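*Asks:* Quick note, the sequences are listed as chains L and D, same order. If you're matching positions, the first sequence starts at 1 in my numbering and goes up one per residue. If you're matching positions, the second sequence starts at 1001 in my numbering and goes up one per residue.
For the record, the hints were derived by calculation from the structure and aren't laboratory data. Hints are supplied without guarantee of correctness; some may be wrong.
Listed next, the in silico EDC-like pairs over lysine to aspartate or glutamate satisfying Cα-Cα at most 16 Å (straight line) [as the list claims (entries may be wrong)]: (1) D:Lys1054 <-> D:Asp1006; (2) D:Lys1072 <-> L:Asp125; (3) D:Lys1072 <-> D:Glu1013; (4) D:Lys1054 <-> L:Asp125; (5) D:Lys1054 <-> D:Glu1036; (6) D:Lys1072 <-> D:Asp1017.
The structure displayed is predicted, hence computed values, not measured ones.
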Amino acid sequence: MLAASALLAALAVALAWPVPLVLVRAAWPDASPGLALVVWQSIALAGVLSLLGALLTAGLAPFGPHLLAAGAAFARATAAGRLPSGTTVPALFGVSAAVLLGAHLAGNLAFTAVRAQRQRQRHLDLVLLLSTPLPDLPATRLIDSPAPVAYCLPGTAKSVTVLSAGLLDLLSPQEVDAVAGHERAHVAQHHNLVLVAFRAWRIALPWFPVANRAQDEVGLLVEMLADDQARRLVPDAVLARAIEAVASGGVATGVPGDPDARTPSADATSVARRVARLIAPPAPLPAAIRRLVVLGSVALVVVPAVLLALPAVLG
Amino acid sequence: MATLGDLERSALERLWDASGPLTANEVRDALNAGSERSLAITTVLTVLTRLERKHFVRRERGLRPHVFIPLKSRDEFVADLMHEALGAAPDRQAALARFVTLAGPDETAALKRLLGAD
């Protein structure tokens, strides 16, 4: 079991540091944002599983030949109100760390999801009271403000896309179609679920800089995915102009009486990357490589589970 | 048939238009004025209670009958909304998926170059 634990720990370290950095620096995600999103989710999930697995297997090693037997022995003893024979301080530390970290991550995900839901509901209340429905576009509402904004509020029952009067003034009708298509894609592809998960990961691990980078990168990838849906409705150049107009229009207009609202986004290159891939589309990855990346992502999640289960199967 | 949401919006607009606090009866009269419908007072009270629960209006309980006051002006609510929508409010971004996050001046210049400065 200690060998499995060491392997899992090595995998956890690799997924926590070098692998995400390679992915952040790679050029291909701009060509295949959907594929990159799969890889990010796989890294996050496998990283957490292998870290928890490494702690658990190391902690339970004294109690049995493999994880299931050792876990059962440990649970039986603790349920009876005593520590199992052979308990050591490092073993207890490993088991407690795994349980606490697991609970911390799960609790944070639940907390973040519930809070996001509450904020959305409050914002939706505001939107429904202050906006008017746009007759031409379904589930789209117009808010009377000079600042050009467009966003969607994903909801469990119904989703709403919000456009501002400033945006309609700024953009041509075709550009507005591009923006509306982009927002509909966010809703249709349930991007909010991925974003909440990565946000929870970042909040749960504040001392872990890669979680920050991962959240930024995943946020950008879902924008690219939504852009790709909008490109089916309008030419690439139209979408690029819309992005540029909204990005720079926000600076020029801001919100009356609200200087804070002009705070630029933290990641200043994200809009430029979105526009660049529309103007000069990067070459897509060869199909064989794409298949390899998908296989690798699946393996990343499956391998830690196999490493844990294998000793049990082999006896 | 107006939905409850439409009624909430109309009632809030009457309160904004009013020069001072309104009672439920006054809100109902304002809503019924110039329209063929005649809303029941219970409906109007339901609408006002929902607005109160959502923190859009305040109920002044010191007087009989109770009067209702908007918590903020329309412009202030719109500013709140835009504040959140533009991501200026910290920790609010998770709830929204914006089309574009605001660009800084450097980024805007870079974009203009990319697009051929037209």
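*Asks:* The structure should be examined with respect to each hint, and the outcome stated for every one.
*Replies:* Tested hints:
Between D:Lys1054 and D:Asp1006 the alpha-carbon distance is near 15 Å, which keeps this suggested pair within the 16 Å criterion. Between D:Lys1072 and L:Asp125, the direct Cα distance comes to roughly 15 Å. Compliance with the 16 Å bound is thereby established for this hinted pair. At most 16 Å may separate the alpha-carbon atoms for a hinted pair to count; D:Lys1072 and D:Glu1013 meet this at roughly 12 Å. With a C-alpha separation of about 7 Å, the suggested pairing of D:Lys1054 with L:Asp125 holds against the 16 Å cut-off.
In summary, the hint linking D:Lys1054 to D:Glu1036 is not supported, as the alpha carbons are separated by about 29 Å, beyond the 16 Å threshold. In summary, the hint linking D:Lys1072 to D:Asp1017 is supported, as the alpha carbons are separated by about 12 Å, within the 16 Å threshold.
In terms of the numbered hints stated before, the structure departs from hint 5 and from no other.
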